[in-house]
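Take the given structure of chain A and dock chain B to it, following the hints.
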Amino acid sequence: MRQSLFAGRWRIRLPSSLDGAALRVTKTPPVTRKRKLDTASLSATSQPPPEPKRKASKTTHKDSIAQVEAALPATPQTLTSDKGMDSDDDFASVASSMELGEELSSSVDFGAEDSDVELEDYQDDDSAFETHAKQKPKRKAFEVEYKVYSPQDIQDQQDKQVAEVAALLEQPTEQTAILLRFGRWNKERLIEQYMDNQEEVLDKAGLGQNMSSNPPRIEAIDGFMCDICCEDTPGLQSYAMNCGHRFCVDCYRQYLAQKVREEGEAARIKCPGDGCNKIIDVKSLDLLVTSDLTDRYHELLMRTYVDDKESLKWCPAPNCVYAVECGVKKRELAKIVPTVQCECKHSFCFGCTQADHQPCPCSLVKRWMKKCEDDSETANWISANTKECPKCHSTIEKNGGCNHMTCRKCRNEFCWMCMGMWSEHGTSWYNCNRFEEKSGSEARTEQAKSRQSLERYLHYYNRFANHEQSAKLDKDIFHKTEKKMTLLQSSSGMSWIEVQFLEAASQALQQCRQTLKWTYAFAYYLARNSQTEMFEDNQKDLEMAVENLSEMFEKSTDQLAGLKVDMLDKTSYCMRRRVILLDDTAKKLKEDVWEFNVELA
Amino acid sequence: MNSVASKRLFQEYKHLTTDPPDGITAGPVNEDDLFVWEAMIQGPEGTPYEGGVFPAELKFPKDYPLMPPTMKFLGDIWHPNVYPNGVVCISILHPPGDDPNHYEQASERWSPIQSVEKILISVMSMIAEPNDESPANVDAARMWRERRQEFEKRVRADVRRSLGL
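As they're listed, the protein sequences go chains A and B. The letter at position 328 of the first sequence is residue 328 when you use my numbering, and the numbering goes up by one with no holes. The letter at position 139 of the second sequence is residue 139 when you use my numbering, and the numbering goes up by one with no holes.
Bound conformation, chain A alone (with noise of 0.2 Å):
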């Protein structure tokens, strides 16, 4: 009974939020939320009484339960059914949302009672909303398809590769792997050029006709002198491949630990004969060389296996053994920007290997690093320290005390107060105390137009570095929620489990604070029109969210326990608004929406 008639009651609101008050009504309940929630955290911590207690224990316990599942897999998913319809709808989702999110509070400030009922419920709508979710599984604008592969399922895939090719050109596997690293692991091109042309290919990869008969080993021959070494001596053990370039095993060897460990080759490691094409194969290597060293070499081998194919990339993060396949092509990335996120949580774009940063696109990126490592202090430097005379525009800094200044490029004479010309200020000097001398206005509103543009930067880059700074500072922050977990389990009596909504939150943090601030780099090379407002509306609605989460985090730890539910509340908030944003940031760069200030390479 209850059970209908309360989502009954939340299902009438939603078309109510549809109209323009909605906008509206998401700005007043986090006022009166939070009032409420103080007025909760004030009986929880300044007089405890046993029924607040079991209430607040009581109903934090049941919720969390409620609100993991709300928070992480149902945001999403509910969003995932708002997919085909436009901005509108969008609007509403997220105010209907809110409202929920206000009634979840509500519900833990007021239903102290039949709380336990009324949480059940809300299990009962997220259920609700998985199902409806199944129906419609399909990926958001912003994400790619991908599969990470350990260096097991990497070495299966080449030995699977080799093995099929080895059959159909009757070559050994060794062999066949030299040509397969040749041909850059392109199976059908490699098997058709070698059909035309065996004798070529063979040649070309460095493999001799006559490879499988009469296989080099290590020999002493008489009247041999190492050319790298001068050593003569008989009995000299010495190695040559085919090519019958011959040294001592010793040189050899400096050689082969030189190009292995040094120089990180593998693949198309030459004979060190001078001029000599032909590659050193697996065999050679492992006659000649220590087992750690054979290692490292099969290890390198792995490497230009992901390295040849375009399809692979190895996880930039340190220490990371995995590859990641994605179908995208280079070509694409001005469409796309496919975030890709490794086994071990690292995200990185698969176009260019860099952290994370959507919704940017690659090449924007690369302009906006190369224009901030140029720029950004060279400009803020001239804005704080120079001006620009007014008639050629050539920038100058002030290095004397007198303010008559003389343009050294164009001779021109004016007050670096007023920017007036200075024969205006006649004889006597100080007559620029005068306000509004009509030269000096305009040529002022001249040079804030020259300055438009590097204040424009400016204004983008302080906001991009100030994610960036913040985020590390969540950061620092996040490092201290473990400790500050703890605490909170032996302060307020509550499990492990009930306070992971900390470390939810720090988490969405990060990674909202890294959308920001690409959002950031993004907007400065938009050009201006409806969609860009639309774009920057997103953009603040997600940074609000952020703030208020932000500011939240840095709260003491006996409050910590008090907010949790609006902390987990303002978290899926948070999450929501920028899957919304990277959505609709991604489905207009698809489909050509944005204009750009720059060529999009």
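The reader is advised that the hints may include incorrect statements.
Unchecked claim - Straight-line distance between alpha carbons at most 30 Å, and here's what the computed BS3-like set of lysine-lysine pairs gives:
(1) A:270 to B:62
(2) A:187 to A:335
(3) B:118 to A:204
Stated by the list, open to error - Beta-carbon label-pair distances, calculated as ranges:
(4) A:274 to B:160: 33 to 43 Å
(5) A:332 to B:47: 49 to 59 Å
(6) A:307 to B:145: 46 to 56 Å
(7) A:344 to B:132: 37 to 47 Å
(8) B:83 to A:307: 28 to 38 Å
(9) A:391 to B:47: 22 to 32 Å
(10) B:20 to A:225: 13 to 23 Å
The set of hints was computed from the structure by calculation and includes no laboratory data. Here a beta-carbon is modelled for each residue, glycine too, at the ideal position from N, C-alpha and C.
Using the frame of chain A, we list chain B on its own:
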């Protein structure tokens, strides 16, 4: 190790005296110390360096031939790839492994199968064709790129002065 280096340097010296390449002579300054050589390189024909003779000093490390020698011109030579102090900057003289300049291929750098003869031949062709992408002497490189005539004039004057004309 020391004996390997001496042995090899002695072999190379022998080879260079019996079959010297055109325009190059080289050998140890003192027969007791094989690790310091002096070389004379003639200015390549058809270049402003033509007619000049450029003395240089080669110093070999104890672990030669694993590591390359260093080379330094003893007189003045105005060239984009020679530091003002005379040290030669050429890829064949750079040790194998990590590339500090990030543009040279491993195959262009030193390896034990290179030799003094190859170094000197490379330096000779470097004199004829400067590489202005990684100048050791930035002023010379700019002059070579932007004011070729002035560059050539200066080089010719240097050559003449060095010959005492």
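- prompt: Which of the numbered hints are not met once you compare them with the structure shown?
  reply: Of the numbered hints, 6, 9 do not hold.
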